[in-house]
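Colleague: If you're matching them up, the sequences are chains A and B in order. Mapping to my numbering: the first sequence position 329 is 329, numbers consecutive. Heads up: take any position in the second sequence, counting from 1, add 420, and you land on my numbering.
If you are wondering where the hints come from, they were derived from the structure by calculation, not from laboratory data. All values reported here derive from a predicted model rather than from experimental measurement. A portion of the hints provided could be inaccurate.
[What the hints assert, rightly or not] In silico DSSO-like links for lysine-lysine, alpha-carbon gap of 27 Å or less: (1) 34(A) - 461(B); (2) 34(A) - 426(B); (3) 620(B) - 237(A); (4) 540(B) - 585(B); (5) 620(B) - 589(B); (6) 461(B) - 232(A); (7) 540(B) - 292(A).
[What the hints assert, rightly or not] Just so you have them, the derived chain A footprint on chain B, three or more residues with Cβ under 8 Å: (8) 453 to 465; (9) 470 to 482; (10) 604 to 618; (11) 646 to 658.
[As the list claims (entries may be wrong)] Here are some chain B residues pointing at chain A (derived, C-beta under 10 Å): (12) 426; (13) 428; (14) 444; (15) 566; (16) 567; (17) 569; (18) 582; (19) 587; (20) 662.
In this text, a Cβ means the ideal position worked out from N, Cα and C, and glycines have one as well.
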Amino acid sequence: MSEKENSKSFMSSMMSWIDRRFPVTENLERHLTKHPVPKKVNFYYLFGALLMVVFMIQVITGIWLMMFYTNTEEGAFASIEYIMRDVEYGWLMRYMHSTGASAFFFLMYFHMFRGLLYGSYQKPKELVWLFGCFLLFLLMAEGFLGYVLPWGQMSYWAANVILSLFGAIPYIGPDLQIWIQGDFVLSGITLSRFFALHVVVVPLLMIALVVFHIFALHEVGAGNPEGVDIEKHRDSKGMPLDGAPFHPYKTFSALPAIGIFFIVFFAIVFFAPTGGGYLIEKPNFEEADFLKTPEHIAPVWYYAPFYSILRAVTFGIPFLGITSKFLGFIIFAASIAILFIVPWLDRSNVQSIRYKGIYSKVAMILFASSFITLGYLGTKPVNELRTLIAQICTIFYFAPFILMPIYTKYEKTLKVPDRL
Amino acid sequence: MSKKRKHIHILDGMSLYTRDRSPFYWGYLNIEGKIYKKSLKTTDRKEAERFLFAWKNEIFADSLNLTDGNGEEDHHHVEQKPIVDEKRRKALLITSGLMGAVTVAAFAVPFLSAWKPSEKAKALGASVKFDLSKLQPGAMAIVEWRRTPIFVVHQTQEAIDNLPKLNDKVTDQANEVLPSNDKKFTVLKGVCTHLSCAPKYHPEIEPKAWDQEWLGGFFCPCHGSKFDLAGRVYKGVPAPINLEIPPHTFSGNTLIIGEAA
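Extracted from the complex, chain B is given alone in its bound form (with noise of 0.2 Å):
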């Protein structure tokens, strides 16, 4: 079992070695031309590099002690305490730190800014005017909105009151989007809210494949789904909801998509 020697140096005058028939680190040191070692008792390169640091202090105190009692000529050399203000360090820590926690949360504003949507982002998604003025009753616009096609429905007479004869067909009666006389304009998000297919509009009176008494409104021809002009579901059908209304409001004759009333 020959294990390699090796030496460590770790400072002028002082080393760690291995020897062959030994499994420990052996200190050497070399203190003002006197040559010390000694075997350290461990196998652990960093505790064996404790002990050597401990070592060679204990023999310098030791060398002070014999001087201290040989004369006093050697006075100046005793260690003196350092004059630590604890107070003025604690305040320069605590106004330091204070500082830097500043400087790093004036850093994060342009970094956590820039993850805001851009100008571009926001004009895309900024609300869109529509023009009501040249739609006529019974007809609908589709105005894209962040992607999303809106429908704007002018309800005819007709439709305003046919629309609460519906309310025993549809899920949920929401009177409040019915329209009315000073209501005429309805706006829904043209997205089915089964699985977001796009709902046809069939505003005609008439008998339909999917409804013998159908009063106009949406159809969606992926699943099946019905709703009103109002944009309320049917009963029976795979869509859970009513058509979502985007956040809308008028101004004159004016449609403003985008911003809430």
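Looking at chain A on its own, in the form it has when it is part of the complex (with noise of 0.2 Å):
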């Protein structure tokens, strides 16, 4: 009956052709011209959108390294000078791929913290949170594996400090160690599984876990900075009140932000891609050597907060065999799986940290200060200072989550106004 409507133009009759087999239109409706966002959000709300410019530059310059690099032991280090050296622009490439990761984890950062903040993990946004903590996993896992492909010193003495970690654990540690590294010591062999392990396992995961991470997000609908429900406000035609389409008001809103973190991202490539040392470390310039173990062996700045926990545990639990190295493999492995469960400690009857009680502002302080010291701590040498201090705030970093239920159930919070 209305096809009649429809076949106006070419164009028109097209899209009809294809949405009746393939549902393009539907598909652009739900999720961009037609799906709902608030309309007031601040400059934490952009890092979503930057992750994915980042996680785009991340697979492109990856397979355009790919094509040099050489995943053996012999010719690792040397590829890696290759394409710096002589490959057109390799160092283009190179460079953006190592800033690439320094900004993904910076943006990740701030996007959780963000979360944090503004109780991005709330009812019903569980899954939204639990899949963007897989993802942190994830990357951290893929930056550790691209760590040791150059295959430098620090690629091949920091993989070593992490891979005797899982020797450390009681009983199948030590065949544990083996089984990963595919050799009694960590070899060519390792390297190779970490490249097939670094450039497919973990990026198919990744991206099927943004797939559903953005699917999760677009069912429960984007939160906003005070907290407020805009589903409860709405015109006529069913739209949100207090929202508007996705596109074009918050893809356009986002290119200014890419503009910004471009201008900032490619002035690191361009004059500081080694960042003094903290976005790849100086023993990194020199070839991996068995024999020769670095001055100072300290993770890139982006595990130095996990790192310092993991070096506060100086104790471990004798009577139950616990070393204190398989101890600090826990606490740092909880230090990460906590996050997972902050949707079930959070028991507070608001979500954002603005209408929360003191006690929720004192403890994100807490939290966030000690995350930044201890990342601080993870990239010096140890003494006994440092160490104290390392345990404290591996205490603040903890405390916070671990006290969440009761303070966030008893504190006073303000009411969250009705309209945005």
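Build the complex: two chains, separate frames, hints provided.
Modeller: Take a look at the structure:
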């Protein structure tokens, strides 16, 4: 009946031909042009879009690097030098990829901190948060695997430190470590499998999880800094009064942010690609040497907070056969695992930190400052004072989460407005 | 505000469409030649689809009720409840699930095993044999095992006598590592426990720049760590612990490094 109306032009008839077979228009409307998002949000809500941009940078530069990289013990380091010196714009590809890794973590940490501040994990957004936490875990694995590939001194010895953590697991540890390495020492065999994991397995899982993350988000709707539910007030067409379609309103407002991000990103790529040894560490410009440990093994900045937590555990539980190294591994794993259960720890009746009570605010300040302090300590050699500070900061890292069910339940919250 | 009108085909005789003045989806049904149209009162595509199906079922149910009341001849049209053997279905699900799990597990074996050290890696990491008969007292041999230099020292009688005298100078007395008359060979990893440099072998008993009362031992030139001939670390040097002892065993005059005794 209304077929005639659609056959006005070639384009629209073409679209309806496709839509009949593959729901393009429906999905564009569902996820872009008719997907309502809150009108008023702040800069914290830009990190998701920027993360997508960085993910794309990593995939594209990664594919190009793969065209020149050699994944063997003999060839890996030389192939990186080859990319840097002989391949046209190879240096750009590599520095974009290495800077992209840092940018990925930087944005990820802010994106997640936004989630903690504005309760972006609360019912019904639990799965959005969980998928995001899995993405953090995968990103950490991806970063670690990728850091081994240039086969520099820090690649080798940092990987040794991390792999020896698996070796510290009671009973199965030593065999597990050999199984992961595929050799009795960290060798070219390990390098080859890390390459496969880095370029195929983990990125595929990440893409799947990004899709899940966004589908889940579009099902429950994006949040806002006020924690107001925009679905409550709608116009006659069912559009939330405090909402605007994602496209064009949010897509275009993200463009300047992407522009600013690119300015900072390329400033680093062009002028400070090694970031003074924080983005690419100095020992990594030397080929891996089995017999020579670098003076000081430090992780890249984005792992530093977690590495600090690992090192802060200087004691074991001897009667359970748990060494300090293994206990450190457990606490280190717990520092990431605890993020997964945050949706069930928060019992507040409001979402946003703006309307939560004083305890929530203090907890967030403690958490953020201890995270930064741990990050600083993780890049420095240990001494007694630093270990003590790291131990205190580890407690302050965990306390806001462990005590969350108590303080969020009993603290006095403010009344959330009805409209945004 | 003219919204583009559209028509969405669902199934034969079932479609959704939009109208100029209405924000909602409208339903269109053609049931055995009879046309039905109405507003579905929703702007959500998925919901509209659900309403459309519900509406169709409603019309069907009504028509069945009508024929029911009219006569007996249409009785075979009345929907019969399908007979489902839940028990059988459950048993089939469990058995096929188990079979599937077994298949997955069986397929996992080769893939997980491929990660174990290959034959080549095993050969390179295998135990190393060393003939001790040619090693004179006071001499040291360096044997490579798993990419690590292994020091093998044939202790002299002098060294055996001198080593207990150093008990006060070392951090960890570790008497079990001391050589004796029936245990004249010392096997050590030649890697400094400070920063993995290679310590040098200095068996001479003479004053040295680093120690006026040197009774022989290992000296690390990188950061000045001192170890005695049994690999015990001196006090006050950067290395925290004694030189490591690799797993090893003796078989007659042959030393096997890589196999625990």
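Colleague: Mind listing which of the numbered hints don't hold for this structure, in increasing order?
Modeller: 3, 4, 9, 11, 18, 19 and 20
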